[in-house]
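Going down the list, the protein sequences come from chains A and B. Reading the first sequence from the start, the letters are residues 73 to 378 in this note's numbering. Reading the second sequence from the start, the letters are residues 24 to 158 in this note's numbering.
Don't read these hints as lab results, they were simulated from the structure. Quick caveat, the model's predicted, so the values are computed rather than measured. Each residue gets a CB set at the ideal place from its N, CA and C atoms; glycine is no exception. The reader is advised that the hints may include incorrect statements.
Label pairs and their computed distance ranges (CB to CB) [unchecked claim]:
# : chain 1 : residue 1 : chain 2 : residue 2 : range
1 : A       : E349      : B       : D135      : 27 to 37 angstroms
2 : A       : G324      : B       : P56       : 31 to 41 angstroms
3 : A       : P336      : B       : R123      : 45 to 55 angstroms
4 : A       : A81       : B       : E26       : 29 to 39 angstroms
5 : B       : E26       : A       : S347      : 24 to 34 angstroms
Partial chain A-side listing against chain B, Cβ under 8 angstroms, derived [said to hold, decoys possible]:
# : residue
6 : G249
7 : C276
8 : E344
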Amino acid sequence: MSSTSTTPAVALEATGLGKRYGRKAAPALDDCSFRLPAGRISALVGPNGAGKSTLLALAAGLLHPTAGTLRVLGAAPGELRDRVAYLGQNKPLYPQLTIADTLRMGAELNPSRWDAAYAARIVEEGALHPGQKIRGLSGGQRTRVALALALGKRPALMLLDEPMADLDPLARHDLMGTLMADAAEHGTTVLMSSHIVSELADVCDHLLLLGGGRIRLGGGIDDLLAAHTLVTGRGTAADLAPHTVVESRPAGRGLTALIRREGPVDPAWQTEEPSLEELLLAHLRSPDAPALLTPATTTAPLAVQA
Amino acid sequence: MVEYRIDRRSGVATYVQIVQQTKQALRLGLLEPGDRLPTAREVVEATAINPNTVLKAYRELEREGLVEARRGLGTFVRRTLGAQPADSPLRAELESWARRARAAGLDREDVDALFGSVLDQHFPKPDELFPEGDQ
Numbered sequence: 073m074s075s076t077s078t079t080p081a082v083a084l085e086a087t088g089l090g091k092r093y094g095r096k097a098a099p100a101l102d103d104c105s106f107r108l109p110a111g112r113i114s115a116l117v118g119p120n121g122a123g124k125s126t127l128l129a130l131a132a133g134l135l136h137p138t139a140g141t142l143r144v145l146g147a148a149p150g151e152l153r154d155r156v157a158y159l160g161q162n163k164p165l166y167p168q169l170t171i172a173d174t175l176r177m178g179a180e181l182n183p184s185r186w187d188a189a190y191a192a193r194i195v196e197e198g199a200l201h202p203g204q205k206i207r208g209l210s211g212g213q214r215t216r217v218a219l220a221l222a223l224g225k226r227p228a229l230m231l232l233d234e235p236m237a238d239l240d241p242l243a244r245h246d247l248m249g250t251l252m253a254d255a256a257e258h259g260t261t262v263l264m265s266s267h268i269v270s271e272l273a274d275v276c277d278h279l280l281l282l283g284g285g286r287i288r289l290g291g292g293i294d295d296l297l298a299a300h301t302l303v304t305g306r307g308t309a310a311d312l313a314p315h316t317v318v319e320s321r322p323a324g325r326g327l328t329a330l331i332r333r334e335g336p337v338d339p340a341w342q343t344e345e346p347s348l349e350e351l352l353l354a355h356l357r358s359p360d361a362p363a364l365l366t367p368a369t370t371t372a373p374l375a376v377q378a
Numbered sequence: 024m025v026e027y028r029i030d031r032r033s034g035v036a037t038y039v040q041i042v043q044q045t046k047q048a049l050r051l052g053l054l055e056p057g058d059r060l061p062t063a064r065e066v067v068e069a070t071a072i073n074p075n076t077v078l079k080a081y082r083e084l085e086r087e088g089l090v091e092a093r094r095g096l097g098t099f100v101r102r103t104l105g106a107q108p109a110d111s112p113l114r115a116e117l118e119s120w121a122r123r124a125r126a127a128g129l130d131r132e133d134v135d136a137l138f139g140s141v142l143d144q145h146f147p148k149p150d151e152l153f154p155e156g157d158q
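Just need the whole structure built from these sequences, with the hints factored in.
If you want it as structure tokens, here you go:
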């Protein structure tokens with residue numbers, strides 16, 4: 073995992089970020105603040121309409137915020153376009169171009185950083201011929217070409233909006249493998265939105281859960297899991313004080329609850345560490361649970377550490 | 024080169040699966056001292072898991088003294104486990120025993136239970152975690 077000296081320790085930093093698509097509409101993002109440390113592979117999760125695509129498009133410099141600021145690799149969004157790759161949900165490619173033409177476009181648009189051999193290899197691994205037209209490709213093949221276009225510019229930050237939604241399991245596995253290999257070799261920071269929690273659990277080491285226009289859970293996945301406990305026992309939610317109860321459900325004569333620990337848990341409760349899926353579902357079902365951001369993911373009120 | 028197989032449904036943490044499969048390869052003689060483990064890049068390309076998961080597993084193997092990381096070169100096997108290659112006399116004896124057990128009408132579960140009980144008798148595990156309510 074190498075990182076060049078020009079890569080800042082923070083890939084993405086939002087401060088009071090807001091985006092509203094119209095005067096009457098509820099804001100997609102509202103006073104959203106967080107920090108994504110460089111080198112992480114982060115899952116952007118949230119219910120439909122939570123603002124995931126908006127946040128990714130803001131980071132890519134395709135939309136402008138209506139409030140607050142967003143810094144991308146230490147600069148304004150769009151300023152370092154050659155070091156940020158964005159793969160939109162609909163993977164816009166020119167259908168009339170061949171694969172070779174598409175990659176040549178990548179080379180022309182990214183003259184300083186383009187790695188032609190690498191882009192060509194990603195295409196070849198999918199058994200695609202450079203002379204094929206984009207129009208004739210399947211969804212998975214198009215995603216592969218789009219990924220080759222994105223990785224060929226050797227980005228420091230990859231922004232992926234539902235990258236694997238239309239792929240069969242094999243193509244998904246192969247392309248995720250390609251992406252992970254790139255991250256292993258170059259220390260690329262990845263932020264990707266997805267609904268498929270089981271897929272994220274293997275690939276990601278960092279989580280940003282969006283809800284109500286803000287980050288509700290943010291941090292390293294191991295740290296977030298370790299901060300929570302699943303408890304089961306005979307008692308009431310009130311007995312669980314001083315812990316924060318994220319979600320509680322009846323279980324026989326007692327209850328089972330996901331708590332955020334404040335100190336040790338009373339041994340009368342049976343405890344288990346939650347899975348990522350359990351952690352996410354509990355928070356999605358309880359939109360009013362207080363937010364939790366680990367220190368590295370919180371925006372510091374003062375200076376940014378070098 | 025060993026290849027890791029990640030079972031998503033096993034409930035065993037992914038990095039633990041890598042540790043266990045490496046140890047199994049050492050026991051079977053598939054890996055010997057001096058052999059290089061696949062790089063994190065090679066593992067994640069084949070398995071589509073997070074690179075840090077592989078590094079965590081390799082750190083654990085290093086902590087146990089089984090492998091060592093050589094800067095810029097890779098991770099190499101330092102010592103082996105069990106030292107019983109796949110074609111050892113002990114394995115041959117076990118195979119003939121298994122054939123006799125089968126001929127005697129034992130099924131897989133019977134053999135499992137019998138083998139487990141002899142194993143426990145000769146290789147006690149003092150720090151074994153007992154299942155709940157069994158203490």
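Quick one: are A/P336 and B/R123 within 45 to 55 angstroms, going by C-beta? Check passed, 54 angstroms falls within 45 to 55 angstroms.
Can you let me know if the beta-carbon spacing of B/E26 and A/S347 is within 24 to 34 angstroms? holds (26 angstroms)
Mind checking the hinted window 29 to 39 angstroms against the Cβ distance between A/A81 and B/E26? Cβ of A/A81 to Cβ of B/E26: about 35 angstroms, so the range 29 to 39 angstroms holds.
Under the criterion of a CB-CB separation shorter than 8 angstroms, is A/E344 in contact with chain B as hinted? Nearest chain B Cβ about 11 angstroms off; hint violated.
Against chain B, with CB atoms and a cut of 8 angstroms, does the hint on A/G249 hold up? holds (4 angstroms)
Satisfaction of the hinted span 27 to 37 angstroms by the C-beta atoms belonging to A/E349 and B/D135: holds (31 angstroms)
Given A/C276 as an interface hint, is the shortest Cβ-Cβ distance to chain B below 8 angstroms? Cβ of A/C276 sits 6 angstroms from chain B, so the hint holds.
Return holds or violated for the Cβ distance of A/G324 and B/P56 against the range 31 to 41 angstroms. violated (55 angstroms)
Checked against the numbered hints given earlier, the structure breaks hints 2 and 8 and satisfies all the rest.
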